[in-house]
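Engineer: Here are the chains, one letter per residue:
There are 2 protein chains.
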Amino acid sequence: MNRISMLIATFTAVSALSATASGMAPEDVRTLISPDGNLSMTFSLTEKGQPCYRLDYKDRKVILPSTLGFDFRGPAADPKFGFGEKLTVLPYGEPDNFHEGFSVEETDSSSFDETWSPVWGEESEIRNRYNELAVTLRQASTGRKMTIRFRLYDDGLGFRYEFPEQKHLTYFVIKEELTQFAMAGDHKAFWIPGDYDTQEYDYAESRLSEIRGLMPSAITGNSSQTPFSMTGVQTALQMKTDDGLYINIHEAALVDYSCMHLELDDSSMVFTSHLTPDAQGWKGYMQAPCKSPWRTVMVVDDARKVLASRLILNLNEPCAYGDVSWIKPVKYMGVWWEMITGKSSWAYTDLPSVKLENVGYSVCVPNGRHAANNENVRRYIDFASEHGFDQLLVEGWNIGWEDWAGKSKDYVFDFVTPYPDFDIEELNRYAQSKGMKLMMHHETSSSVRNYERHIDAAYDLMDKYGYNSVKSGYVGDIIPRGEHHFGQWMNNHYLYAVKKAAEHRIMVNAHEAVRPTGLCRTYPNLIGNESARGTEYQAFGGTKPHHVTILPFTRLQGGPMDYTPGIFMMDVEKLNPENKSHVNSTLANQLALYVTMYSPLQMAADLPEHYQAHMDAFRFIEDVAVDWSESRYLLAEPGDYIVIARKAKECREGGPQWFIGGVTDENARTVEFALDFLEPGKKYEATIYADAKDADYRTNPVAYSISVKKVTSKSGLKLYMAPGGGFAISVREL
Amino acid sequence: MNRISMLIATFTAVSALSATASGMAPEDVRTLISPDGNLSMTFSLTEKGQPCYRLDYKDRKVILPSTLGFDFRGPAADPKFGFGEKLTVLPYGEPDNFHEGFSVEETDSSSFDETWSPVWGEESEIRNRYNELAVTLRQASTGRKMTIRFRLYDDGLGFRYEFPEQKHLTYFVIKEELTQFAMAGDHKAFWIPGDYDTQEYDYAESRLSEIRGLMPSAITGNSSQTPFSMTGVQTALQMKTDDGLYINIHEAALVDYSCMHLELDDSSMVFTSHLTPDAQGWKGYMQAPCKSPWRTVMVVDDARKVLASRLILNLNEPCAYGDVSWIKPVKYMGVWWEMITGKSSWAYTDLPSVKLENVGYSVCVPNGRHAANNENVRRYIDFASEHGFDQLLVEGWNIGWEDWAGKSKDYVFDFVTPYPDFDIEELNRYAQSKGMKLMMHHETSSSVRNYERHIDAAYDLMDKYGYNSVKSGYVGDIIPRGEHHFGQWMNNHYLYAVKKAAEHRIMVNAHEAVRPTGLCRTYPNLIGNESARGTEYQAFGGTKPHHVTILPFTRLQGGPMDYTPGIFMMDVEKLNPENKSHVNSTLANQLALYVTMYSPLQMAADLPEHYQAHMDAFRFIEDVAVDWSESRYLLAEPGDYIVIARKAKECREGGPQWFIGGVTDENARTVEFALDFLEPGKKYEATIYADAKDADYRTNPVAYSISVKKVTSKSGLKLYMAPGGGFAISVREL
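Those protein sequence lines, which keep their order, are chains A and B.
Here the first sequence is numbered in our numbering, starting from 654 and rising by one per residue.
Here the second sequence is numbered in our numbering, starting from 654 and rising by one per residue.
Watch out, some of these pointers could steer you wrong.
[Stated by the list, open to error] Cross-link-like lysine-lysine pairs, in silico, PhoX-like; alpha carbons within 25 Å at most:
| no. | chain 1 | residue 1 | chain 2 | residue 2 |
| --- | --- | --- | --- | --- |
| 1 | A | LYS944 | B | LYS1060 |
| 2 | A | LYS820 | B | LYS1008 |
| 3 | B | LYS1152 | A | LYS1008 |
[As the list claims (entries may be wrong)] Pulled a few chain B residues facing chain A out of the computed Cβ check, cut under 8 Å:
| no. | residue |
| --- | --- |
| 4 | ALA932 |
| 5 | ASP1063 |
| 6 | HIS1107 |
| 7 | ASP1109 |
These are calculated hints, taken from the structure and not from any lab test.
All values reported here derive from a predicted model rather than from experimental measurement.
Where a beta carbon is used, it is the ideal one built from N, C-alpha and C, also for glycine.
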């Protein structure tokens, strides 16, 4: 008995299938079954020796046979130069084929089952249970090896490429990863354009076959954007099959690698991985031993299970930090929306251009619209501290905002020098005297070398004044020029900034950074990310109402989003007469987002005066928790509606324990759900913040009603959601 | 009288010429005369309104009418994307013409004459005397302005482009600088291939018309190289005309700009500037007010005047530092040549690859060839301290050398962790107890982000142990990938490292960095650079003997070179049987280099045991000074020979005051020169280290004779130099 068959014989969850019609030897086919038996992944080699997998859900085909592997960069031409009339640099040779000619050298199987507790999250305990199959392949012609490790969960598949330490493969450059995801039909998809630099797009809902036609209208303007294909889309890509399966493709644990997009062959409905290139077009610089991120295919038969899935988190490594006591969920306000809407400015002056090394701000004429001034910041502190917020973000506090965007300016900020009207010492003292902290802001303008040059001093400054969290930003094209937001170079940077922050016990909320892939499990001081179209776009022309019914299926699969909800004044014109944008949401919908858009970092984004006009509704934002012991996904359909109930991890004395949020798309709908998650026998009081009957996100968004109702675990609720509306409920034990 | 004519009328050195036949209006022609009246620069506008200059030496044409200006990057296409079968990114539009359509708006003239004292140098006082003409031009179609500032010295011209603060030109991207240097004939040139990444080429001597044919053989291999044209050459480019003029084209004060190469149109003998591109092919990101480096054209009628010229230093800004007491010339030895020759290794182990975060060196098997070990370093310290050296360079002291080169490895060094056999604390203590310092070594492997991430900790470590100088290195292709050694991005880095070092009172000697352009005047802690083919190539197959007769005319025009002379064992095979290289130099030639190759940083590069075999000759290296109050260029012809005498700024009690060095190319020659620079009436003793009669760099390189002779200011010397040979003389007052 050889080692392979011995391993198979001793592992019950893995059984050899008989050879298929394609002529493969039986020993080259391996099947992996999920713990609940519903999912089945079959690995095989094609006739050309190309690794291949397929995935089935019960008797339904999810991923048709799909090949795996790589093209590496070929060897450089030798000699390197051509001398004729012109001097030419000779190219690299043919791609180095690392996807064919493999044989199975070894397979290894195991099962895993543990329950772990996240530092913060949607629930206090997460079960991580899977069956695993590791197939070690050898390419005979080169002697090089690769292990493909598959983990099959009840709700999906994860697999990654591993390059063990070996003689014939040490340093290599990825030309392209060739991972296929062959779809079994022309599914409905919720997608945004594949892009090396931004995810800030509105979602399209269409058949896969319709992507090409919709692409031109899907690509809307952004300060940095590099779409690459008429059929390129981003992950997490949520799909729905005609027979009711929900398939979600994403990646987990994106570390020292380029972010993966999906490119569709819309004649065959096969997606192939498309990695983000570097400035020279290469996709990754590798040194064995090393590995790719996990490629994930979630498959469930109910949309609520997508929201409940912990597949991405489970595929990440456990927490890398010993002491995590300094990592705390944060509810915050910000001196921010008034700049986003154009009411105020980040900049202190109207100088057309500045050079930080020369400009003498103390003698410059202020523009009178600078929001981060002492008086205004104190006003926000007073309001926020009175209403129990943890922190106040202040943007535009530091010099350089006059010409920070779109100039490809290297030395754009120093991250340590406040404008003359921002007394950093006094304002921090004032905030702390009221039990709050200020939140630091590091907009890098994507001048990343400059940020790294100043990051030590910037974090030191935070230590000095008692900041413990930073919102960082990467607006605009990356410097070093030619690199992309989602390439290996930048992914390395984002994690560098997070790890360095941890040394200072600082939490990071990075905007415009690569989309999350569950790294917050390993580095829980990565407390938030933007990486999608956030609330700011409501002031940049508006966002489709269905947006918030899709994000939890896509963007949020990888980790929390700093979506910055809580807008109470929907006519942006009221803040800035020149800005005709409208917030496409009802007020009740805004409240619901604190529950439906999970994040341990939640902002109340609007201005104090707008909250003061609706203190009854604002009460929900005051009450709502930001960390949860339990979450129940009551109703969900991507693009249509989501209703979620969550139990607070810590409750305020006498405050609510449970919070329920519901959102709908542009369609009004009435939903019914049971409260059977409440403790039987106990009595509760539910405060319901609902759309008024005549509410409508377009014409009457601030029409809401607040009602109080006694409920128990036997109660049910039937609630109306207006177009673009929703509801929020707090439930207090009596 | 308008302002222009008023300015002209009040400045005697500038006179308007009459209009030329090309139809220019008289007021658009300005002539600038050098202080001694020999050089004349004429500025004009062409019929198309293109700025134009020409340069004459007495009645001889040096630069024929040559146009000036730029192509800027055109505007990005709008809309940015094309949607057809494939998605395409639309290109930038036509280049933005900034070289035509100008009119003269203002001219401004002045004279300048001052004498300044360098912190270190070839002489203790330098006269900076020039006449200046600044021509402010306006491009009517755009309203944009540019000033071209010309400075005419007795030995050459400098000019630069200045972009004042203005409404219609703030941020712009250079597509190409279009500065012409139209030669008046097919001159002889001493050139190396134009290259974005290396200057480590042997020189070719040829007519300009022969460059194209010689290019394929001139491009020899390097670990990072990007030649760009069959007629591209580097600066400083030394030329000689058939009627005996020496023309040298270079640049001065290369700050926040890309390094300039020259591309020859060999049908017309016109050079055009060719800037080093970035990863995307653009040549410079600019924000007005800003300026280009100075473009320089040195013109003299005697080769010795090229060596005596201070044109490049004078065009740089004065010293930027207040206190310079910490900047000291350095004579040093190094644990280096034994690795260069392959006798020993930089690496502590023979592991095929390492990851710094994982490798446990303390449990690894040492390879037994690691030179930077405690015992060996102590041996060098003992020898070097006994013979009056200031410092000992130790390379290979830090972890990571196993796979440092050519792997495009990001985290390649940490710059702070010694190998287990290098006791950094004890060795520094030991060196300091003997009156010496160790010299730090930071090889970056061109992983520049990684270096910048560690540079603070690296300098802090130096502070901790008492290092005050660092040799840095940039071997291999740059990371960020696609950037080049000589582009704006890297030039910014080099200066960043120098300025940051100054905060720590650290002196920098950067290898493989951009060629110097006189910045050591402004930042005198930039105490050395390599930036040319140094002595190491004698162990990499050898260098042509004429090399050292050319470098002072070319590479050294911009600043000192850490050439690392002093090799006494010419058969490299004796160090490493597998290395068949031969040092193409006699021992006397090696000694001469301490005088002919000016540097405030001089190494004795060979091993202690090789010096111990020739302690009589080594005496010269012990005696020779590294800082000078006076230099006399006695004989010189590029490519043939150089004889220089220098007076030490500080003399050892009873030691020599004057040092004379002479080198020849592959040809033997006998030279005669007078010692009339000695103080009249005083008596001196000259110790002459000369080639033996039968010396020859190929067959008998270590044949030398040492003689002592009484001399006065009325003496003359007649000395034989063998092929590849030379002589060194120390002169002591009696």
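Engineer: Take the hints in turn and mark each one as holding or not.
Structural biologist: Hints and how they fare:
| no. | hint | verdict |
| --- | --- | --- |
| 1 | A/LYS944 x B/LYS1060 | 18 Å, holds |
| 2 | A/LYS820 x B/LYS1008 | 16 Å, holds |
| 3 | B/LYS1152 x A/LYS1008 | 18 Å, holds |
| 4 | ALA932 | 4 Å, holds |
| 5 | ASP1063 | 7 Å, holds |
| 6 | HIS1107 | 11 Å, violated |
| 7 | ASP1109 | 6 Å, holds |
In this structure, the one hint that does not hold is number 6.
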